[in-house]
Amino acid sequence: MTATTPRPASAEALPAKPAIRLGDLLFSRAALWSGGLILVILAAVAIFLVAQSIPALTADPADFVGQPASFLDYVWPLVFGTLWSAALALVMALPLAIGIALFISHYAPRKLAQALGYLVDLLAAVPSVVYGLWGIGVLAPAIQPVYSWLVDNAGWFPLFAGPVSGTGRTILTAGIVLGVMILPVMTAICREVFLQTPVLHEEAALALGATRWEMIRMAVLPFGRPGIISGAMLGLGRALGETMAVAMVLSPQAIVSFALLQSANPSTIAANIALSFPEAYGVNVNLLIATGLVLFLITLAVNSIARYVVNRRKDFSGAN
Amino acid sequence: MNTKRAGSLTALLAAGAIVLSGCAANETATDSPEPGATSDAPSTLSGTLVGAGSSAVGAAQTAWIADFQMQNPDVTVTYDPTGSGAGRETFQGGGSDFAGTDRAFNDEEIAAGGFQACAPDSGIVQLPLYISPIAIIFNVEGVETLNMTPEVVAGIFAEEITNWSDPAIAELNEGVELPDAAITPVHRSDDSGTTENFTDYLFQAAPDVWTFEPDGVWPLESGEAAQGTSGVVDAVTNGTNTIGYADASRAGGLGTVAVEVAGEFVPFSPEAAAAIVDASEFVEGRPDFDLSIDLNRDPETAAYPVVLVAYLVGCETYADPAKAELVKAYFTYMASEEGQANAAENAGAAPISSTLFDRVTAAIDVIG
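Sequence lines, in order, name chains Y and G.
For the first sequence, the positions run 1 to 320 when the UniProt record's numbering is used.
For the second sequence, the positions run 1 to 368 when the UniProt record's numbering is used.
Source of the hints: derived by calculation from the structure; they are not laboratory data.
Incorrect hints may appear among the rest.
To be verified - Now the in silico label distances, taken between C-beta atoms and shown as ranges:
#1 GLU300/G with ALA62/Y: 33 to 39 Å
#2 GLY113/G with VAL91/Y: 55 to 61 Å
#3 GLU300/G with VAL91/Y: 58 to 64 Å
#4 PRO167/G with SER70/Y: 52 to 58 Å
#5 THR48/G with PRO158/Y: 56 to 62 Å
#6 LEU195/Y with THR76/G: 36 to 42 Å
Cβ atoms here follow ideal geometry from the backbone N, Cα and C, with glycine treated the same way.
Given the sequences, and given the hints that come with them, work out the whole structure.
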């Protein structure tokens, strides 16, 4: 139809094959390389961990520091401590993160919301050593009387069993510090997802007579569920791998215990590596790297489960 | 945006210029030393000396190196505080010229030999040049010092004595008002020479109460644990009714324990700590230049028995004679009054006694 319109001669001279510009080529290759590099780095880390772990897995456990009965015996309290402290952090931080995100996205006046958003992001910029110092210098001494009171008055509850720690450097304190540390990333993701809720859904809910809370429950939260879960998983990943803050705040022992307020707490894998590595030598270095491999596998498993949960729920979430 | 970018570029250039000029200044200083700068300490030594090992000696090494390099501008000494075990391994493998270690090489390790930096058939020189008292610190309101027997200390850390008002403590401290409160003992959560020496003290002085072998890792699953010396000091300071052990130089304003030795209560002091080395025997069957000490933590005389003794280890004969000269000079400096005073000031070490100094000097003469 447009054949009759006059065209510049140069356009007619174009070849049938679409021209590939240098910029396009460079960009697509760069993107491909970047994507591939992630796999290479991950593989390199995995290979290093496995290769360095083998001597520890085949060694006589009697050569290890503290003479555990076996490698599993050594690593199990650490695995437990890692999962337990991360779970505590998540339980405390997730409701708070959703609350803050909802306040910023749906309740606060715009100016306040912006300022609050910046503040939360600022929390993420604080180095973990500073959180650790805050934990031992401020939080632990301040919260110790609360722990004493809890043990005296609610000691029948297994989690609050005595004897209470005299310094407040317990796994609950570590969990609180971890919770504060993972709060920003979870809040940021939840906030972004809640802001993406289709306005039509929200308006429809309000038009049907829903209060603001009902609207959030019916429209915003179902839509945001995959986002909440992936935010929680990112936070959990950080909590699982956090090293310095836990190493500084926690009073660790090689035990498995759910008690929150005692001096003897299970240590975490990352903190144990940080504490033991400086003086480790020989097969004990491999032992620590092997625990690192276990942490790597745990994180991988947690992320895979999260991915599975998000995918399975997708169809019902209202996100489509 | 543009001005911002230009600004950051200027800043970068400025920073680069500063860095480069810094390098240049350094180079001129080392390449052509001003005659006046080195006239008071003329030194013909030059070269690089590599050491590695105990982190307990780290602070002292930093001070020693700074001073020694000032006197010998053409010598570079490095010390990597990787830990005692790693330090011994590195020295044995020839990766370092000298080692710092919380315990001397034992008979089996020496018999196995194979010290790569040394000439074949060379022995090793082991010198106890770093003596550091370990203070037993506590935080009980209104109490500055307490008397304790080794059995009481062991009982507290083994959690057999759990209350400050326990008669075992009270009867040793008449007139001191102790609270009716639980004791929170704090120990190191990391593997450390301080823990090894402290548990060795408990093991030797109170064998009935403390039945655990000395170890760098705390042997019990009880009490509070904290990271590093600062961690323990922080935990004791911030907690209430706590007790712990830490390098004496870090005890600060905390209360300290005077431990019972031969019927007397001895508070920690540099002199009392150095005296324990003189009250102990050298390990038998070693050559004169191997000053390994069998620390006697339960001596007959009133010396302070809770100490950490770290050794500096070198070769009797180096494969490289140039290294021997450097090591000799550095060891001589560390053992000297000046070197020991430097460690006392900067790392809280106890200067070695004159008896030990004579033995050490004789041993250093062997290095060749």
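(message) Name the hints, by number, that the structure is in violation of.
(response) 4, 6
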